[in-house]
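S.K.: Below are the chains, spelled out letter by letter.
Number of protein chains: 2
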Amino acid sequence: MATKYHARIYVTLRSSVLDPAGTAVESGLKQMGYTEVESVRIGKYIEMQLTANNEDEAKQHLDEMCDRLLANTVIENYCFELSELATV
Amino acid sequence: MATKYHARIYVTLRSSVLDPAGTAVESGLKQMGYTEVESVRIGKYIEMQLTANNEDEAKQHLDEMCDRLLANTVIENYCFELSELATV
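Each protein sequence line maps, in turn, to chains A and B.
The numbers in UniProt numbering rise by one with no breaks, and the one at position 14 of the first sequence is 14.
The numbers in UniProt numbering rise by one with no breaks, and the one at position 38 of the second sequence is 38.
Each hint can be trusted.
In silico negatives: residues of chain B with every beta carbon more than 10 Å from chain A:
| # | residue |
| --- | --- |
| 1 | 14 |
| 2 | 72 |
| 3 | 75 |
| 4 | 82 |
| 5 | 83 |
| 6 | 84 |
| 7 | 87 |
With a straight-line Cα cutoff of 30 Å, these simulated DSS-like cross-link-like pairs (lysine-lysine) come out:
| # | chain 1 | residue 1 | chain 2 | residue 2 |
| --- | --- | --- | --- | --- |
| 8 | B | 30 | B | 44 |
| 9 | A | 4 | A | 44 |
| 10 | B | 4 | B | 44 |
| 11 | B | 59 | B | 4 |
| 12 | B | 30 | A | 59 |
| 13 | A | 30 | B | 59 |
| 14 | A | 44 | B | 4 |
| 15 | A | 44 | B | 30 |
| 16 | A | 59 | A | 44 |
| 17 | A | 30 | B | 4 |
| 18 | B | 44 | A | 44 |
| 19 | A | 30 | A | 44 |
| 20 | A | 30 | B | 44 |
| 21 | B | 59 | B | 44 |
| 22 | B | 30 | A | 4 |
| 23 | B | 44 | A | 4 |
| 24 | A | 59 | B | 44 |
| 25 | A | 4 | A | 59 |
| 26 | B | 59 | A | 44 |
Think of the hints as simulated: they come from the structure by calculation, not from any bench.
Note that the Cβ used here is the ideal one computed from N, Cα and C, for glycine as well.
Please take these sequences and the hints and turn them into a complete structure.
M.R.: Written out as structure tokens, the structure reads:
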């Protein structure tokens, strides 16, 4: 019996890597008057549904997908959260 | 006395809006063998620090920033989480 999961994946630039998009947004916000803002960093947020036999299998497949396609682990970190949707 | 907050902002496409990038990632994952994946949607994940007098003020400013710059509310939804870092 397989289970359907909802996954939320966060891909962020490693802290040692410059983030020009984040810097641009920060400077835009400051020019708009939000001078209280600092350290803006922009990453990716990926949502998906996947079917697996159990949570461990789902986590293992997500790890592989992140390593192979979703994140560039040379410059990015990733983490994810899983929630169970239904048994199918 | 002001407080420094860490904000995590999630910007996602509205469900009625097509997500060609998500579709491309989904089809890439399927071609790699992850046929159990569906409904891939790609959004933005923004982290920032901001200083405010209290949590309500921080939330109000974040709402404004999202409405005015960070999200295009015609096609995107946003939500955020705030956590307190320090009193400064």
